[in-house]
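Going line by line, the protein sequences match chains B and H.
Quick note on numbering: the first sequence equals residues 1 to 131 in the working numbering.
Quick note on numbering: the second sequence equals residues 132 to 509 in the working numbering.
Any given hint could turn out to be false.
[Claimed, not checked] Pair by pair, the computed Cβ-Cβ distance ranges are:
#1 B:GLU43 x H:CYS424: 44 to 50 Å
#2 H:SER271 x B:LYS74: 40 to 46 Å
#3 B:ARG78 x H:MET337: 36 to 42 Å
#4 B:ASP63 x H:LYS447: 17 to 23 Å
#5 B:LYS71 x H:GLU213: 39 to 45 Å
#6 H:PRO491 x B:LEU75: 28 to 34 Å
#7 B:ARG78 x H:GLU316: 43 to 49 Å
#8 B:SER47 x H:ASP368: 46 to 52 Å
#9 B:LEU75 x H:GLU460: 25 to 31 Å
#10 B:SER47 x H:HIS384: 50 to 56 Å
#11 H:CYS424 x B:GLN118: 57 to 63 Å
#12 B:ARG3 x H:LYS330: 52 to 58 Å
#13 H:MET337 x B:ASN27: 33 to 39 Å
Read the hints as simulated data drawn from the structure, not as lab findings.
All figures in this text were calculated on a predicted structure; none of them were measured in a lab.
Each residue gets a CB set at the ideal place from its N, CA and C atoms; glycine is no exception.
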Amino acid sequence: MNRKEIKILIADDDPDYLFQMKIMLQNAGFQVIAADSQAQAEEIIASVKPDLAILDLMMEKDDSGFILSYKIKKLYPRVPVILATAVSQETGISFGFDTEEDRSWIKADLYLEKGIRQDQLLMEIEKLLKK
Amino acid sequence: MNILKILVVDDEPGIRSGVSRILTRFTVDYPFMDEQIGFEVLEADSGEAGLAIIEREPVDVVLLDNKLPGIQGIDLLKLIKEKQPDTLVTMITSHASLDVAIKATSIGAHDFVPKPFTPQELKSSIENITKHLFLKRMTSKLQKEGKQIRFQFLQVLSHELKAPLNAVEGYLQMITNRQFGSSIEDYQEITQRAAERLKGMRNLIMDLLDLTRFETGKTPSVPQQVDIRALATAAVDLHKPYAIQKDVDIHLHTDCEVCLYGVPDELEIIFNNLISNAVKYNKKGGRVDITICCDGRAVTMEFKDTGIGIPEDARKNLFTEFFRIKTAETKGIQGSGLGLSIVKKIVDIYKGSIEVESTPGEGSTFTLTLPLPAAVKD
Numbered sequence: 001m002n003r004k005e006i007k008i009l010i011a012d013d014d015p016d017y018l019f020q021m022k023i024m025l026q027n028a029g030f031q032v033i034a035a036d037s038q039a040q041a042e043e044i045i046a047s048v049k050p051d052l053a054i055l056d057l058m059m060e061k062d063d064s065g066f067i068l069s070y071k072i073k074k075l076y077p078r079v080p081v082i083l084a085t086a087v088s089q090e091t092g093i094s095f096g097f098d099t100e101e102d103r104s105w106i107k108a109d110l111y112l113e114k115g116i117r118q119d120q121l122l123m124e125i126e127k128l129l130k131k
Numbered sequence: 132m133n134i135l136k137i138l139v140v141d142d143e144p145g146i147r148s149g150v151s152r153i154l155t156r157f158t159v160d161y162p163f164m165d166e167q168i169g170f171e172v173l174e175a176d177s178g179e180a181g182l183a184i185i186e187r188e189p190v191d192v193v194l195l196d197n198k199l200p201g202i203q204g205i206d207l208l209k210l211i212k213e214k215q216p217d218t219l220v221t222m223i224t225s226h227a228s229l230d231v232a233i234k235a236t237s238i239g240a241h242d243f244v245p246k247p248f249t250p251q252e253l254k255s256s257i258e259n260i261t262k263h264l265f266l267k268r269m270t271s272k273l274q275k276e277g278k279q280i281r282f283q284f285l286q287v288l289s290h291e292l293k294a295p296l297n298a299v300e301g302y303l304q305m306i307t308n309r310q311f312g313s314s315i316e317d318y319q320e321i322t323q324r325a326a327e328r329l330k331g332m333r334n335l336i337m338d339l340l341d342l343t344r345f346e347t348g349k350t351p352s353v354p355q356q357v358d359i360r361a362l363a364t365a366a367v368d369l370h371k372p373y374a375i376q377k378d379v380d381i382h383l384h385t386d387c388e389v390c391l392y393g394v395p396d397e398l399e400i401i402f403n404n405l406i407s408n409a410v411k412y413n414k415k416g417g418r419v420d421i422t423i424c425c426d427g428r429a430v431t432m433e434f435k436d437t438g439i440g441i442p443e444d445a446r447k448n449l450f451t452e453f454f455r456i457k458t459a460e461t462k463g464i465q466g467s468g469l470g471l472s473i474v475k476k477i478v479d480i481y482k483g484s485i486e487v488e489s490t491p492g493e494g495s496t497f498t499l500t501l502p503l504p505a506a507v508k509d
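Make the full structure from the sequences, and use the hints.
Written out as C-alpha cells, the structure is:
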C-alpha cells in the first residue's frame, strides 16, 4: 500500500511530542491524525478507521493508552497498535510484553519507549503494516 | 472476622480442652481495629506432635508447656524461633521458676502464663498477644506501603523529567536534519517551544528542591517574626506582571497587623504557589482576592479566584505530588504538579490546615489557617 493512503492515528497529551511525531510521520509520507487526549482519540475512532495507531500510555489517566488500545481493538481488531511511553527500565518498571499473561490482556501489538530513533520507529511501523 | 491460630502444646488433656473451650468463644476487638479477632485452637500432647503441626501449617501463637514427656518446652521454643520467627510463644509454667523464665525470654518467648490459670488470666494474656501481633502487622504493612509510595514518586518523577528532555532532543534533531529549511528564521517556532520546555523543567527542579528540603526537615533559614502583610504585598507585586498578561486583577485585603513566628522562605512559598495558581487557572477578566485576618489564636488566609474551578472528583488528590487536573480547560497550562503538595507540607510543619471550596466554572477558594501564637516548630 502506498504510504499516502495510510492513516496513522497518534494520541499524546504532550503537545511537543505530538507535533514532532506528526511532522516526522508526514515527512515519511503518511497521513496523520493527531489527538491530544484519550477523549479526542475516542471521538476520532468513532468515525475514522486508522490503519495504525501510536498511543501514549499516560494521558488523562495513567492507563489511557491501555484503554484506548482496547477500544480500538474492539472496533477494528486488525488495526495494529503501538503503545509508547517514557516510563522505562530506569525506573525498574517496564511495560514490555514479556510474559504470555501480559500479552493476553494488553491488547497492543508493540510496546515502544519514547525517544526511539526515527528510522527504527519507521521500520517497526512498516513491519506492523505488512502483517 | 480475623482468625488467629493458636497451638496449645501440653501433655495434660484438661489444660488443652480448657484452653480450647475458653478461646473458641473468645473475641478481641479494639477501637482502632476494623474487625474483631477470633481464635482457632489446635492441640498437641507433646513437643514432637506440636512441631509436626507447625511444620505443616503456620500458627500465630503457641501456648507452650515447659514440662513435656519428650522434647522439652525450652528446646521446642528454640526450634519454633528458627523455623517460624514470626510466631509468638507464650510459656505455660507450672511453678514460676525464675531461671526457666529468664532462659525462655532470652530465646524469644513473648509472655508467661502461670499454671494453673483462671480463664480470665488466659484471656488477658491472649488479648495482649493479639494486640502485639496486630500492631506488628500494621507496622510492617505501613512500611511496605511507604516504600511503594516512594517508588511511585520516583517513577512519576523520571517520567516528568524525561518528557521535556525528549521534546528538546526532538527539536534539536529537527534542526540538525534541516527539516524546515536552511534559514535560521525557519526554526524560530521550534526553538521557542524548546526553550519553553526547558523553562518548565527548571521550574520542576526548583519545586523538587523545595520539596526535598521539607521532606528532610532541613531548613536553611532561621525562624523569626514574619510580617505577613508585608510578605503578602511582596508576593502580590511579584505576580502583577503575570496577572496583567493574563488580564486578571489581584486584590489584597488585610485589616490587621499580623506577625507569625516562622521561616520567611516557607511562608513565601505558600503565597507564591497559591497566588500563581489563582492567576494561572483564572479566566480573562477574572480576579483574585486575598484576605488575611487574625483572631488572636490563628491567622486565616483566603485565596479566592474566579477561575475554572476544580472538579469534585479531583479534589481528594489535589495535594498529591505530581497530580495535575487534565481537562479541556487546563490544556496548555504548564505546571510541575508539585506546588500544592509543597504548600500542604509547609502547612503541616506549622500545624495548620488548608481547605478548598470550589465550583467548576466559577472559581475556587483555598483557606489556610496557621495557629498562633508563635506556631512554635518542634
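Hint by hint, which ones does this structure get wrong, listed from lowest number up? Numbers 3, 5, 12 - these are the hints that the structure violates, sorted from lowest upward.
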